[in-house]
Amino acid sequence: MPAKGAVATGNPLTAFLELRRSLRRAPLGDGGRDTCRALSDALDEAIAASLPRGLADELAVVAVGGYGRREQSLFSDVDVMLLHSGADLATATRALLYPLWDANLKVGHSARTVAECTVAAKESFETLTALLSTRLIAGNGKLVGDLEAALAGMLAGRPLTSRLAAAERERRAVHNYPLMAADLKNGRGGLRTFQSFWWERRRAELVGLPLPHNSTREEQRAHRALLAVRNALHATAGKALDEFVPDLRDGAAKWLSSDSWDVSERVTKSLRTGDQLAMERWPDLNIERAAWSRWRRRRRRSLRSHGSPERPLARARAAAERPEGLVMARVDQAAIAAWGSHDWTGADRRDLIGLLALGSRGRSAMGWLHRLGWVDANLPEIAHTIAAPQLAPFHEHPVDTHLWRTVDEMRALVSGGDPWYTSIAQEVANPDLLLLGSFLHDVGKAHGGDHSTVGADLAGSLCRRIGFTELAEPVAALVQNHLLLADTATKRDTSDRRVLAEVADRCHDLQRLQALYLLTVADAKATGRTMWTDWKATLLKNLYVGLVGVIEPEPGRVARAQRLQSIARFAATAEDRAAAHVDAMPPGYLEGHSDDEIAAHLRLAAGLTRRESAVQILGAPDAADRMVVVGIDRPGLLGAIAGVLTIHNLEILDARLQARADGVACDTFHIRHTLPDVPMSPVATIEADLSAALRGTLEVASLAAEKAAPYRSRGRRHLVVRAPPDPTLRYTAIEVRCDDRPGVLSDIVQELYAAGLDIRAARIDTRGDEARDLFYVLDRNGEPIRDVNELAPLIAGLRSSLRRRLY
Amino acid sequence: MKLVTAFIKPFKLDDVKDALKAAGVSGMTVCDVNGFGRQSGQTEVYRGAEYTVDFVPKVRLDVVVDDTEADAVITTIEEAARTGDIGDGKIIVTTADQVVRIRTGERGRDAI
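From first to last, the protein sequence lines are chains A and B. Mapping of the first sequence onto the numbering used here: position 443 corresponds to residue 443, and the numbering continues sequentially without gaps. Mapping of the second sequence onto the numbering used here: position 101 corresponds to residue 101, and the numbering continues sequentially without gaps.
Hints may contain errors.
As the list claims (entries may be wrong) - Here are the simulated EDC-like pairs of lysine to aspartate or glutamate, each with C-alpha atoms no more than 20 Å apart in a straight line: (1) A:K185 / A:E219; (2) A:K491 / B:E79; (3) A:K525 / B:D32; (4) B:K17 / A:D493.
As the list claims (entries may be wrong) - To give an idea of the interface, some chain B residues facing chain A are shown, with a C-beta separation under 8 Å as derived from the structure: (5) P10; (6) F11; (7) N34; (8) V53; (9) P57; (10) D66; (11) D67; (12) T83; (13) D85.
Worth flagging that the hints you see were computed from the coordinates, not collected in a lab. Ideal Cβ placement from N, Cα and C applies to all residues, glycine included.
Construct the entire structure; sequences and hints are all you get.
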């Protein structure tokens with residue numbers, strides 16, 4: 001049996017196969033274009049030699065695709081087309097294709113007339129782009145000329161830009177975060193992107209139009225680098241493997257007479273160049289799918305008129321916050337590029353935080369700022385992280401992508417569906433610390449030395465330089481210690497009190513520990529799929545709990561005594577009564593409420609023997625911002641409260657709802673009077689209406705709905721209803737996110753009641769124009785709903801009924 | 001030949017690995033696992049409230065050794081992994097019928 005791929009001496013492919021064997025050992029030239037051209041030329045010679053003379057007038061053998069562009073890689077498919085005008089195809093196939101098949105080459109082939117080509121090109125965009133790359137190997141050149149004329153006629157009124165941009169958009173959707181193990185051919189910013197630029201220019205050439213863009217040196221350099229590394233991967237793997245996987249990096253580097261770091265950097269930077277050139281050449285690349293049809297209608301106007309603010313970060317933020325997705329108008333690009341280095345203002349700092357909070361849009365906007373030179377001039381501390389590679393196989397992304405992904409993971413922890421992390425995040429006084437710490441935690445990478453120490457210096461000095469003076473020290477400490485908890489949890493004995501004491505000492509205080517814990521989780525999640533597991537989550541959680549026990553107990557006891565004194569003084573009662581009240585409340589009650597709020601609960605609860613509910617407004621007389629409601633806990637209480645507050649023009653911004661062990665609900669609302677020109681209703685009136693609502697003598701739901709009616713349909717009609725896991729396993733958690741407006745809580749609560757749910761606790765929150773409410777509920781039997789077959793239709797029903805009620 | 005499987009505390013992995021290398025063991029497989037033994041999970045107190053960890057994180061270590069070396073390897077793991085506290089783990093020994101080094105095709109002792 002002949003060896004795989006072996007062909008008889010004298011076969012026209014012998015020279016090609018010999019060349020490929022020698023190229024597996026060492027490249028030609030830079031390993032990119034020179035190698036590809038040598039392979040293409042050797043194939044050309046072999047195929048041309050196979051063409052029977054008698055067929056040369058009726059047939060043109062043409063290379064298509066990458067082979068047509070002379071970009072044949074070592075183990076790429078050999079794509080050829082027999083372009084004919086009625087030739088004997090059986091003879092041609094036998095003569096031309098059989099040798100290729102016999103050599104075990106993977107052949108993409110077709111046989112078409114010019115007319116058949118145009119039909120196929122109209123039917124398939126992929127065929128059209130392949131035909132754009134046709135190149136005559138042998139035979140009748142006039143047929144190729146006819147084909148080009150036909151394609152030119154077809155393409156005259158058919159620009160390719162929107163289809164090419166759509167394909168690039170799909171690549172971005174699949175690879176939202178640039179990867180280290182990128183697919184060099186079909187990945188984001190990969191060879192397909194560079195081919196797309198080529199197709200656009202080729203179309204212009206054929207049709208006789210000015211080129212839409214020039215092939216710049218930057219583009220050529222990146223394209224050549226990707227071709228070289230692709231060849232290196234083929235040579236190392238011995239097959240057409242286009243993913244830059246860790247296993248092949250050393251071999252590929254050796255083939256290129258380089259080292260893994262250098263080759264990895266060439267890959268990440270070249271992919272980034274492709275990505276940024278695409279962004280520059282197709283300005284609407286970041287338009288989101290849902291907004292696409294609206295955008296197409298308004299595109300021209302939107303690209304011209306922007307009305308952006310003056311400063312670069314504000315312009316970038318405004319561009320990223322456009323409803324359709326990020327669009328950086330040319331006027332904004334020019335304005336940002338013209339700014340150069342500048343002093344930082346408070347507005348700049350807010351806009352930087354704003355960009356971090358925007359996720360992928362913020363990342364794209366920062367990409368623009370880097371492209372326009374603003375990052376180098378104004379955030380030089382992070383410039384070296386951009387597209388900097390990470391060689392450890394567990395790192396899935398280049399450094400800057402990892403930093404942005406950590407920011408995204410942190411945002412998800414802060415506002416996502418896991419109450420364990422969300423509740424910890426809520427205790428961190430300055431949320432900017434979490435975003436900045438995430439964004440800068442690996443800023444010391446690609447610098448040499450211990451990246452935590454280098455990064456802490458860089459992060460601290462950056463914060464001071466741009467005016468985050470108060471955050472400079474805590475951010476630097478976060479960066480310095482960002483591996484501390486992960487290392488301790490996996491490598492040290494966390495049952496040893498001395499270990500806990502030492503780590504707690506480095507954490508400084510509870511707030512720092514909480515920020516560090518969240519950063520550790522976000523960092524692990526952002527590193528890669530293998531770095532965040534239940535195993536690691538449990539180890540880290542156990543360590544965190546142990547450290548809280550070390551940091552809190554003594555100060556906690558002292559603080560508790562002091563607070564109980566203060567609460568007793570506010571409530572004009574004895575300290576032991578205050579202590580009994582606090583002890584009868586769920587864990588976290590003392591930490592989650594101020595002294596005056598707890599005193600109000602205590603005082604109102606003491607008077608409940610005479611009535612069903614009591615209300616007290618807290619805050620300065622001209623700036624009342626909190627309301628405390630105490631009542632006998634029962635189904636419908638929250639609905640009654642929300643409805644009554646709506647009737648009295650009070651909007652609930654957030655709420656803390658808890659019940660004492662004896663069944664007394666002690667609820668605290670952060671409120672805002674929605675009609676500041678109208679005096680607030682007296683407390684006695686609110687209290688009377690609440691009592692009437694609880695007795696059923698006040699139609700609170702319909703009155704609240706009437707009050708809220710004018711505000712309906714104003715927002716963007718956003719609605720999310722889901723059931724995140726409840727870590728206590730005592731309730732079913734239901735999260736509702738929707739447009740905020742007066743009366744929204746009342747509406748949501750009424751729908752939960754209508755669905756037969758009893759609300760046992762809730763966390764009500766408002767972020768910007770979004771209401772984010774989390775309810776802990778039980779079913780009619782007082783049981784949590786665990787069965788997914790029961791829960792899924794419940795959530796779907798709630799989503800549907802809430803959409804009707806809210807919008 | 002014996003397959004020695006050990007379930008140890010995660011922070012003891014480096015100690016056990018170093019001790020086994022010093023004892024001449026040339027390879028091992030390591031993975032993260034969760035489980036419980038007689039300690040039946042663990043209970044922690046977080047801000048006054050108890051929460052239970054049903055499955056405790058451990059590291060699982062697999063080493064294949066010749067019969068003559070099995071006792072020494074077991075003792076090495078035992079000593080390196082011991083803290084004396086509850087939850088130090090277990091060592092399980094089973095008979096391995098065959099070992100093959102895929103690259104060379106070697107079998108038995110030669111493949112260890």
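Here is what the structure says about each hint:
{"no.": "1", "hint": "A:K185 / A:E219", "in the structure": "15 Å, holds"}
{"no.": "2", "hint": "A:K491 / B:E79", "in the structure": "17 Å, holds"}
{"no.": "3", "hint": "A:K525 / B:D32", "in the structure": "17 Å, holds"}
{"no.": "4", "hint": "B:K17 / A:D493", "in the structure": "16 Å, holds"}
{"no.": "5", "hint": "P10", "in the structure": "5 Å, holds"}
{"no.": "6", "hint": "F11", "in the structure": "5 Å, holds"}
{"no.": "7", "hint": "N34", "in the structure": "6 Å, holds"}
{"no.": "8", "hint": "V53", "in the structure": "6 Å, holds"}
{"no.": "9", "hint": "P57", "in the structure": "5 Å, holds"}
{"no.": "10", "hint": "D66", "in the structure": "31 Å, violated"}
{"no.": "11", "hint": "D67", "in the structure": "33 Å, violated"}
{"no.": "12", "hint": "T83", "in the structure": "7 Å, holds"}
{"no.": "13", "hint": "D85", "in the structure": "6 Å, holds"}
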